[in-house]
Amino acid sequence: MSEEQIKSLENQFEARIARDEKIEPKDWMPEKYRQTHIRQMSQHAHSEIIGMLPEGNWITRAPSLRRKVALLAKVQDEGGHGLYLYSAAETLGISRDEMFEQLHTGKAKYSSIFNYPALTWADMGAIGWLVDGAAIINQVALCGTSYGPYARAMVRICKEESFHQRQGYEIMLKLSQGTQEQRDMAQDALNRFWWPALMMFGPKDEDSPHTAQSMKWKLKRKTNDDLRQQFIDQTVPQAELIGLTVPDPDLKWNEERQSYDFGEIDWDEFWQVVKGHGPCNKERMAARVNAWEGGAWVRDAAMAYAEKQQERKTKQVS
Amino acid sequence: MKAGIPLNETMKNNLYKYILGIADNSLILGQRMGELCGHGPSLETDIACTNLSLDLFGQVRSYYQYAAKIAGDDRTEDDIAMLRKERDYLNVLLVEQPNRDFAYVIGRQFLFDVYHHLFLMELQKSKDLTLAAIANKSIKEVSYHLRFSTDWVKRLGDGTEESHTRMQEAIDQLWTYTDELFHQTEADKEMVSEGIGVDVTKLKEEYYNKVAEVLAEATLQVPDLKYFQKGGKQGIHTEHLGYLLAELQYMQRAYPNMEW
Amino acid sequence: MSTKNWPLWEVFVRSKNGLEHRHFGSLHAADAEMALENARDVYTRRNEGVSIWVVESKHITASNPEHNGELFEPAQDKVYRHPTFYNLPDEIKHM
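Chains as they are written, first to last, in the numbering used here: chain E, 1 to 318; chain B, 1 to 260; chain G, 1 to 95.
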């Protein structure tokens with residue numbers, strides 16, 4: 001294809017997106033669009049399956065049977081959501097195995113929040129309430145993204161995730177109505193997860209080089225800072241309602257903006273964790289690699305069996 | 001029990017113990033399967049195993065809620081699940097065996113599912129309408145479990161050389177815990193004579209036939225074993241159970257008398 | 001490391017009788033049986049289905065969007081295939 005032809009295709013493509021048309025797998029798309037989508041969708045999928053680990057830790061220790069089944073179902077959903085997203089990414093011509101490979105070799109990133117440890121039961125509350133809360137804000141914005149399979153996966157995920165945040169908030173609510181020890185546990189979890197949750201929206205707009213392109217492709221519908229502000233504004237009253245204190249001395253309602261002002265995020269910590277030096281990066285990766293490599297013989301066996309069955313069928317017919 | 005028929009103390013105790021004997025199997029196996037969540041050999045398999053765990057915990061809650069009602073004091077399903085001592089758990093030894101590898105997970109599940117399915121088929125006919133109803137609901141879930149584990153026994157048994165070896169080893173190691181499934185406690189016998197309980201001794205032949213059938217299809221050998229382990233039904237467990245309970249009970253023990 | 005990866009399958013679910021099977025998504029499985037079981041576990045966890053079809057993705061033949069012009073545009077101006085093309089007297093309310 002000549003450069004001119006490509007330019008023309010690109011123009012048509014941009015026009016389709018501007019008209020809010022969806023892009024489907026076999027449609028022509030600029031290579032950069034494909035690569036950006038593979039990167040973001042696989043990161044998103046990785047975040048879901050790495051996200052299973054901190055909460056998965058507490059399945060065996062959940063304090064009641066009711067909490068146990070809710071947590072199991074939630075962690076299972078995250079596996080399902082990872083699966084939907086990997087499948088959507090596969091429509092762009094990358095296999096799940098390749099994406100795992102990128103994750104396991106550290107080439108692909110995932111949400112840094114999951115590199116923080118889940119230390120107490122209250123962390124199950126904080127993760128559901130804050131981390132899922134932040135994720136939902138991001139994800140709702142993505143339901144209208146331009147790539148069809150991604151948008152459809154997001155719609156499904158948003159629908160299923162609606163119980164996740166409630167599940168977490170209910171845990172916090174119950175703790176806040178409990179003994180002093182339980183209230184302390186809840187406050188401690190909020191203290192540890194508040195700032196990492198704010199970091200989930202990514203760097204400030206001025207430090208986010210991909211934002212402009214992603215907005216144009218509707219891969220992002222709102223900027224990092226807008227989404228972060230939205231999260232803060234909706235979460236602070238929820239904390240107050242259950243008697244918890246948001247650990248930010250600079251947090252203050254701004255009457256003029258009709259929004260909360262808040263303190264400076266520790267961006268050094270953010271980049272440290274992103275670069276692989278968070279408290280649990282190594283453990284999380286080791287757990288995934290173990291599951292994948294330890295499961296290789298199982299996957300091989302299933303393939304071998306399927307092939308034998310196929311041969312047997314063919315023989316019977318002939 | 002039909003509503004309104006008063007139970008005498010002995011009957012009550014026996015029924016209570018009988019329910020625990022059934023439910024503890026699901027509790028302990030559910031807990032073992034729950035450990036796997038996030039660590040399965042493929043995402044799809046992970047999700048499937050979690051479903052088994054969720055089914056089992058669902059059954060556990062129905063049984064314990066009923067047991068709590070029979071006990072008639074203020075104990076809850078969670079008290080029963082998490083606040084007993086090691087010797088008071090009545091599950092069979094099979095279900096508490098650890099997840100050594102996926103072949104053990106599948107082997108344990110399969111050897112239990114075949115039994116569980118036969119057992120629930122009979123329990124549906126119980127004179128105790130609550131138990132019959134729980135069995136009736138559970139059997140659909142367990143039919144699926146059996147299908148799932150049977151398929152996987154075949155895949156691993158008749159898959160690669162490595163998977164065959166691993167699956168055979170798992171069956172060989174777990175076989176020693178199968179005979180106990182057909183033992184009866186005193187409470188079991190009482191319940192059988194009341195028309196409430198299932199006479200498990202009558203399930204034994206069909207059990208071993210079915211298991212043998214699947215193993216043959218999976219190109220696996222039926223272990224030639226004459227010595228079997230027992231004790232779970234009397235609360236005498238393998239060393240593995242203590243660790244499992246330590247995790248299961250941790251929150252209730254560390255923070256007693258709180259609501260979650 | 002695995003020698004061969006589980007192939008990709010497309011999953012179609014009928015959410016209740018009376019409705020058609022709809023494409024729900026895809027998943028990996030070694031064989032058709034496993035694909036069905038996985039589909040049940042992955043896509044009908046919330047009671048979304050009464051029937052499932054699975055088909056290995058490689059067996060699907062898809063039209064090429066580059067041919068959309070010749071495939072689909074000719075149908076756009078065949079307005080006589082639609083009831084609104086035909087004029088009726090106002091007195092006739094339903095036809």
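Calculated from the structure, these hints are not laboratory results. Careful, some of the hints might be misleading.
Here are the simulated BS3-like cross-link-like pairs (lysine-lysine), alpha carbons at most 25 Å apart as the crow flies [as the list claims (entries may be wrong)]: (1) G:LYS78 - E:LYS313; (2) E:LYS204 - E:LYS32; (3) E:LYS315 - G:LYS58; (4) B:LYS230 - B:LYS189; (5) E:LYS32 - E:LYS22; (6) B:LYS17 - B:LYS85; (7) E:LYS22 - G:LYS4; (8) G:LYS16 - E:LYS313; (9) E:LYS109 - E:LYS7; (10) E:LYS107 - E:LYS204; (11) E:LYS159 - G:LYS16; (12) B:LYS230 - B:LYS85; (13) B:LYS226 - B:LYS125; (14) B:LYS127 - B:LYS85; (15) E:LYS315 - G:LYS4; (16) B:LYS12 - B:LYS189; (17) E:LYS159 - E:LYS107; (18) B:LYS230 - E:LYS308; (19) E:LYS107 - G:LYS16; (20) E:LYS26 - G:LYS58; (21) B:LYS202 - B:LYS226; (22) G:LYS4 - E:LYS308; (23) B:LYS17 - B:LYS210; (24) G:LYS16 - B:LYS137; (25) B:LYS140 - G:LYS16; (26) B:LYS85 - B:LYS125; (27) G:LYS58 - E:LYS308; (28) B:LYS210 - B:LYS137; (29) B:LYS137 - B:LYS226; (30) E:LYS109 - E:LYS204.
Simulated restraints, written as ranges between beta carbons of each label pair [as the list claims (entries may be wrong)]: (31) G:SER51 - E:GLN180: 51 to 59 Å; (32) E:ALA18 - G:LEU19: 31 to 39 Å; (33) E:LYS308 - B:LYS12: 50 to 58 Å.
Non-contacting residues of chain E with respect to chain G, defined by C-beta distances greater than 12 Å in every case (computed) [to be verified]: (34) GLU24; (35) LEU83; (36) THR91; (37) SER95; (38) PHE100; (39) ALA108; (40) SER176.
For clarity, every value in this text was computed on a predicted model and none was experimentally measured. For every residue, glycine included, the Cβ atom is placed at its ideal position computed from N, Cα and C.
- Query: Do the alpha carbons of LYS16 of chain G and LYS137 of chain B lie within 25 Å of each other, as the hint requires?
  - Reply: The given pair, whose Cα atoms are some 21 Å apart, holds under the 25 Å limit.
- Item | Minimum Cβ-Cβ distance from SER176 of chain E to chain G exceeds 12 Å | 30 Å, holds
- Query: Per the stated criterion, does the least C-beta distance between THR91 of chain E and chain G lie above 12 Å, as a non-interface residue requires?
  - Reply: 8 Å, violated
- Query: Given the hint that LYS16 of chain G pairs with LYS313 of chain E, does the C-alpha gap stay at or below 25 Å?
  - Reply: Between LYS16 of chain G and LYS313 of chain E the Cα gap is close to 33 Å, so the pair fails against 25 Å, i.e. violated.
- Message: With the threshold set at 25 Å, check whether the alpha-carbon distance from LYS140 of chain B to LYS16 of chain G stays at or below it.
- Response: Holds, because 19 Å separates the two Cα atoms, which is no more than 25 Å.
- Message: Between the alpha carbons of LYS107 of chain E and LYS204 of chain E, is the straight-line distance 25 Å or under?
- Response: With a Cα-Cα distance of about 23 Å, the restraint between LYS107 of chain E and LYS204 of chain E holds, given a limit of 25 Å.
- Query: Is the Cα-Cα distance between LYS159 of chain E and LYS107 of chain E 25 Å or less?
  - Reply: Distance of about 31 Å is beyond 25 Å: violated.
- Given the hint that LYS26 of chain E pairs with LYS58 of chain G, test it: the Cα-Cα distance must not exceed 25 Å. Holds, because 14 Å separates the two Cα atoms, which is no more than 25 Å.
- Task: Please test the hint of 31 to 39 Å on the beta carbon pair from ALA18 of chain E and LEU19 of chain G.
- Result: Since the Cβ atoms of ALA18 of chain E and LEU19 of chain G sit about 35 Å apart, the hinted range of 31 to 39 Å holds.
- Query: Is it the case that LEU83 of chain E keeps its Cβ farther than 12 Å from each residue Cβ in chain G?
  - Reply: It is violated; LEU83 of chain E is separated from chain G by about 6 Å at its closest Cβ, not greater than 12 Å.
- Query: Do the Cβ positions of LYS308 of chain E and LYS12 of chain B conform to the proposed distance bound of 50 to 58 Å?
  - Reply: Between LYS308 of chain E and LYS12 of chain B, where Cβ atoms are some 55 Å apart, the hint holds.
- Query: Would the pair LYS109 of chain E and LYS7 of chain E pass a check requiring their Cα atoms to be no farther apart than 25 Å?
  - Reply: 32 Å, violated
When the structure is compared with the earlier hints, violations turn up for hints 1, 7, 8, 9, 13, 14, 17, 18, 19, 23, 26, 29, 34, 35, 36, 37, 38 and for no others.
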